[in-house]
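Protein chains in written order, with the working numbering: chain A, 6 to 295; chain B, 715 to 956; chain C, 74 to 314; chain D, 35 to 347; chain E, 17 to 396.
Just so you know, these hints were derived from the structure itself, not from any lab. Be careful, since some hints might not be right.
[What the hints assert, rightly or not] Restricting the straight-line Cα-Cα distance to at most 25 Å, the calculated cross-link-like pairs of lysine-lysine (PhoX-like) are:
1. Lys-325/E - Lys-95/E
2. Lys-125/C - Lys-92/A
3. Lys-92/A - Lys-146/C
4. Lys-47/E - Lys-95/E
5. Lys-162/E - Lys-172/E
6. Lys-154/E - Lys-172/E
Spelled out, the chains give:
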Amino acid sequence: MIVTAIISGLVLGGTYALVAMGLTLQYGISRIMNLAYGETIIIAAFCAYLLVSQLGINPVLGLIIILPGAFAFGYLVYGLMMQPLVKRSAKSGTLEVDSILATFGLLFVLQGVMLVVFGSNYTSYSYLNFGVQIFGATIGANRLLAFVLAVVIGAALYLALTRTRWGTAIRAVAVAPQSAPLVGIDVNRTARFAFALGATLAASGGVMISMYQTFTASMGVIFTMKALVVVIMGGLGNLMGALVAGLLLGLVETLVATYVDPGLTLAATYAIFLAVLLWRPSGLFGKAAS
Amino acid sequence: MSALVRVEKLRKQFGGLTAVNNVDFSVAEGEIVALLGPNGSGKTTVINMISGAFAPTAGRIMFDEADISGLPPHRIAHHGVARTFQLVRVLPSLSVRQNIVAAVAFRRDAVWGEEAETEAEKLLVDVGLAGRGHEMAQDLTYIDQKRMELARALAARPRLLLLDEWLSGLNPTELRVGIDLIVSLRERGMTVLLVEHIMEAVRALCSRAVVMNVGTKIADGPTNDVLADEHVVRAYLGEGHA
Amino acid sequence: MLDIANLSLRYGRHLALDDVSVSVGDQETVVILGANGAGKSSLLKAVSGMVKTSGQTAMSLDGLSLLNMPPHKVPDAGIALVPEGRGIFGELTVDENLMLGAHPQRARGGEAARLELIFDLFPKLAERRKQMARTMSGGEQQMVAIGRALMSNPRLLMLDEPSLGLAPIVVTELFAALRRIRETGVALLLVEQNVSISLAIADRGYLMEAGRIVGENTASALMTDPAVQQAFLGGTTTDLS
Amino acid sequence: MSRTIIGFGVSLLALIGLVILPTVIDAYGVGLLLGLAGYVTLATAWALFSGPTRYVSLATVAFFGIGAYTVAVLSETLPYPLVLLVAALLGMVVAVLVGLATLRLAGVYFVIFTFGLAELIRQLVTWYEVNVTGTLGRYIFLPFSATDIYWQLLGLGAVTLLIGWWIGRSRIGLALKVIGDDEVVAAHAGIDIARIKLALFTVSATIMTLVGAIQAPRWTYVEPSIVFNPTISFLTLIMALLGGATRLWGPLLGAVPLFLMFEWLSANFPSHYSIILGCLFIVIVFVVPRGVLAFIEEHSGRFRNRKPEESAK
Amino acid sequence: EDRTSVKIGYAVSLSGANAGGAGITTVPNYKLWIHEVNEAGGLEMPDGSRLPIEVIEYDDRSASEEVVRAVERLATQDKVDFILPPWGTGFNLAVAPLFDRFGYPQLAVSAVTDKAPEFVERWDKSFWLLGGGADYTKALAEVLTKARDEGTINNKIAMISVADGFGIDLVTAARPALTEAGFELVYDTSYPPTTSDFSPMLNESAGSGADTFIAFSYPPDTFAMTAQAQVADFNPKVLYMGVGVGFPAFGAANGANAEGIMSLGGIDPNDAANADYRARHEAFIGAAPDLWGSVITYTSLQMLEEAIKRVGLDREAVSAELSNGTFETVLGETKLEDNQLRNLWWTGQWQNGMFVGIEPSDRAGASTPMLPKAPWVAAQ
Ligand SMILES: Nc1ncnc2c1ncn2[C@@H]1O[C@H](COP(=O)(O)OP(=O)(O)OP(=O)(O)O)[C@@H](O)[C@H]1O
Ligand SMILES: Nc1ncnc2c1ncn2[C@@H]1O[C@H](COP(=O)(O)OP(=O)(O)OP(=O)(O)O)[C@@H](O)[C@H]1O
Ligand SMILES: [Mg+2]
Ligand SMILES: [Mg+2]
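Hey, can you work out the whole structure from these sequences and the hints?
Take a look at the structure:
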């Protein structure tokens, strides 16, 4: 029983982590508080659905089409919408407020387009929906795949960001954008890249989620908020933090559902989140407060 | 002379790093004392603990015979301790005058309204910023920001003033002015503990110096003696100063 | 090597630099002296592309125009800046800061040797390689900033008040280090308040006042110039000779 | 001084006009006014604390919901004024607890903490209702017309603005700005940060609680998903930011046009509402970068006194 | 009177959290009906003339305050002739006082409530068409009792419910209904909306020894649970779930695995009018209707249309006719009792690719329950 609970908790948490990692890139590095983040996830889910239902392309193959698309989308959004705001706020320091307001608008646009194109219905399809045995626990193959991908992508990103100069440069932009040019880092390009990468991660999360979950065009906000909670709990801009916090929340959810009361899963999630912040005001892996 | 501030066995630990280790010293009323030491020896940390920015890991800080260790900064400020910061901290969205009024309005015998404004203007005159009250604090030059920060500290009517490298970054002419300003403070009966790397200023101002190295005190006494001390020369001044 | 002619610069309506012409020769060390607010930092910022110039400014490094060069391209041209306030990456470790110093293309290769040199200049950094730069003392952070700039293998190193906040012994060491750096063939453009020690290592110096160049001479001449004595040395000799 | 008196006079006249208005317009008009009064009050109350301190709170709906739920639970058992009092007290107590908990948090950590808190409260209320009382929805059959509710909200809104005005010219207002700029400096200047933050947060939260309590009878039926709807927090924040959260009249000037725009769009373009709204929103961010109030001031200033800088020279 | 059209307005959740539900049950049927009426030349009046429908549509953005104001607007600004109700129990209650005050009949469909009799007393022009929790759970208890008495299932039941108005209403009615019928509730818990992982609850239920698994769930939960039950090979003899089972997408997504799954609602597969309705719905909307709420929504519109035809546009008269008249609809012959629709399909089951009504079993067109549910067919 406990093994089952732990494994399904980790698997659930894997998706949370994957989704949160994209947001932590966008917010931690590009400094864009992207309220339309969840919409990117849902768009990707719809695309996966279209590929499956219209063209019969399975979602894993679909990633090959969707991920570059998402990257381009993120790249475009940053270039068209965010860059002027970033430029403008160099003096006024209002990027946070501006990005909240602008992406709030973007959220409406994306959601509205999806409502027009796909309607407001619940959408789902079935893919790899069979059980796989791990340590005696049965897990949906689709969920397991999502988990594996989350871990692989997460680990690869983590290593890239912490072990390479390229990654360190990205983090440098996160911590001191005004100093980055001193060492030859093109802040604008890096931020744009990180934003697009964030969108790509969101899309991969969306494809994973679509394989086992029903979704609607208005559901993006739920994912945005969940991702924000994970990001903040892990420590802003910290990939490892997002990974650990995501897995932790997944575990808490299943353990509480199994051993306490399923009615308290979300309450427990938020309680843990709040407790972590009370204990460490900058998240699990955030810089310690001085 | 009774001690206005006395630190006893003061200690501060950051994780595994002991930044300040069992430091004792005192500053008498009306004295100007220098706190010296190599970079990273713990001077700012001592200032931070006296002013309440950090709580000490161990030890005591007595101010006018009251134990102020670990009190929140505003309580310590109300006891009569004011400070400047090593890296200037201005309130960027406020005007220069409001920067000063903020301190006038929240000190122990606070005043508010026109009275506070008039007092702020007076302080600005004292530090050489006469008539600059309406400018935005963040638009001032570095030296002017430093001046303003001093005015803000003075606005609290402190008995003890903690200056963390307030004179650094001034050119020799400006240094002169700065030194004179501090001298005038002493004449008004203020007690000053200053951290400084400019020996000229230390010699000109301080009757006594306390030197730290790697968190511990290595010398304490009349300035000239201390600056001639072999340990101090080796750890801090370098042979060129001997 | 570095040629600046007719540099003007405005912040809003405030004219911070007015028709400034400055040059730094190959392997030369040049110091800029001036009161607070004279525009020294602005000059360095203009060279490194961090602020936009106006008017008929001409600015080039060995003929390569620096005008409108985006700031992140400047290090690759061979100019490194240690800015006012250090500008280090506080949330990264000392090691990572130094590693980023070698981010420009021109700095790749020979990295290890330069790291060696830097640890030699600042042994403290070698002890604290894994420390978060933010938690270092003021002086230690200054060392990180200079080390990082050196890592980019610059031909011209610009330092904006490097001695600010450093213990006397470190200042002495720092200038000794600068002397050695200069001997490796790097040109230095130095802004300093510590006039005597900077003139001691400089070849030439400029005097700035309210955004204009008001004087220029060899370092030794400036050292004895009574006007300089009056304006910048407070009429006294400092504790260093 | 005289400017203050004129200001008060104009405000009072406007208030009287707003009190009389529902008697001459139809039910829909009253509904609009009611909605406006609700959001103006929420946004102004939000900005009391979050404006100067820059602690962006998403806990608005937690207090709003507490207010609404208190009315739902107690409306049958206690006289209405007492219900409001209980709601206000409850809001206050929760605000103090939340305030104490959040003292160490800053920036986006504070933002998301307050969001999490609102969700936690909603989850706990739900769980309690499901498991302890065995029902989820609650009915409110209070005999209030839309006009009654509007008048109450209007009164509360006026009081909120008055409080904001008073704070703005008291030293607490300055303290809040100092805290917003640099808490370390604030503390060393003798400001008791914790107390001031706590006090303001509590005042602001209590007002939000009352908005929820007053508005609840309008919906007959409440359940957690209705009264703890996070959209309310977001809209409040957006309105205040859009208007200019650091100024007394800013939130009002953000809330009114935004609310009317929402209304107009959802009435005229129900199926493309989202897209148009979103586009307009983005345009606004680009065109009105520093809030509606600043925008109005800049432009009216230009009318009154063309190029003031030139003439000053 | 020289009017040229009939104004009909509605405010419904086109965006926000409720858009998913409204988007399947409510909006398509409003659109379909209006389209059909206008195609036919308009609403027929008692004198045989026809007046086209002019529609006014608002989005309530899933917010109570918005739906209330939108209805005020429809009544006082747009002065529409009739207002169609919003989606959701809470929203129907929120607007009920307004419908009452402005004198509009309220044909509340997507509101499951046991309090309907009280509401009718309070607001005499309100109509409650989807029954209450007690109705559905009593019917379910009957199906289960029969199966137990035949020895098909044991008397243990595992039950979960979504912590939301709908789930709680049903589960509070289910507890007494099932225990009175002699069943033992070995697992009984609720879960918050937006839960996506049901494996802990399915595992608990599987381990509880119950032959019957009941979930009063919302569509995303229903879909997820069905998929996860297959993964976990959790195959109770009776599988009953809430909203979503009656969606055509449910049958499409689960294929053979939908067989035997039970839920609220259902249809008579042999009813020609109903089959015709489904075909028209699919043709016009592009998707088949759900087989619980959609059918009733369309029924309510047919009743309104017919009432207008009989008595004209006077709202008092239409309300009276709705209360007392008998109507021929896609649900069969329909007559309200005390302003409530009672001849509903309380329980349905997927049989041969169709979600058919099985309870009340004595109603014409009822299918026989097929229990136990067939085991899952392995995925492709
Ligand atoms: N918040 C902190 N966390 C961890 N270590 C710290 C922190 N603050 C200071 N330190 C460490 O404590 C030591 C003492 O620092 P402090 O700032 O007191 O030095 P200082 O004597 O003021 O030096 P300087 O003259 O360079 O300003 C340094 O090694 C520094 O790295
Ligand atoms: N970002 C800015 N916006 C407006 N004015 C500025 C800005 N930066 C500098 N100034 C003004 O330009 C002038 C020159 O400033 P600069 O920093 O170059 O002087 P400096 O010689 O380096 O002085 P210091 O010795 O104080 O560092 C000053 O009057 C300063 O106030
Ligand atoms: Mg220091
Ligand atoms: Mg400078």
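Hint check:
1. Lys-325/E - Lys-95/E: With a Cα-Cα distance of about 20 Å, the restraint between Lys-325/E and Lys-95/E holds, given a limit of 25 Å.
2. Lys-125/C - Lys-92/A: holds (14 Å)
3. Lys-92/A - Lys-146/C: holds (18 Å)
4. Lys-47/E - Lys-95/E: OK: Lys-47/E and Lys-95/E at ~20 Å, within 25 Å.
5. Lys-162/E - Lys-172/E: holds (14 Å)
6. Lys-154/E - Lys-172/E: It holds: about 17 Å lies between the C-alpha atoms, which stays within 25 Å.
Hint check: no violations occur; every hint is consistent with the structure.
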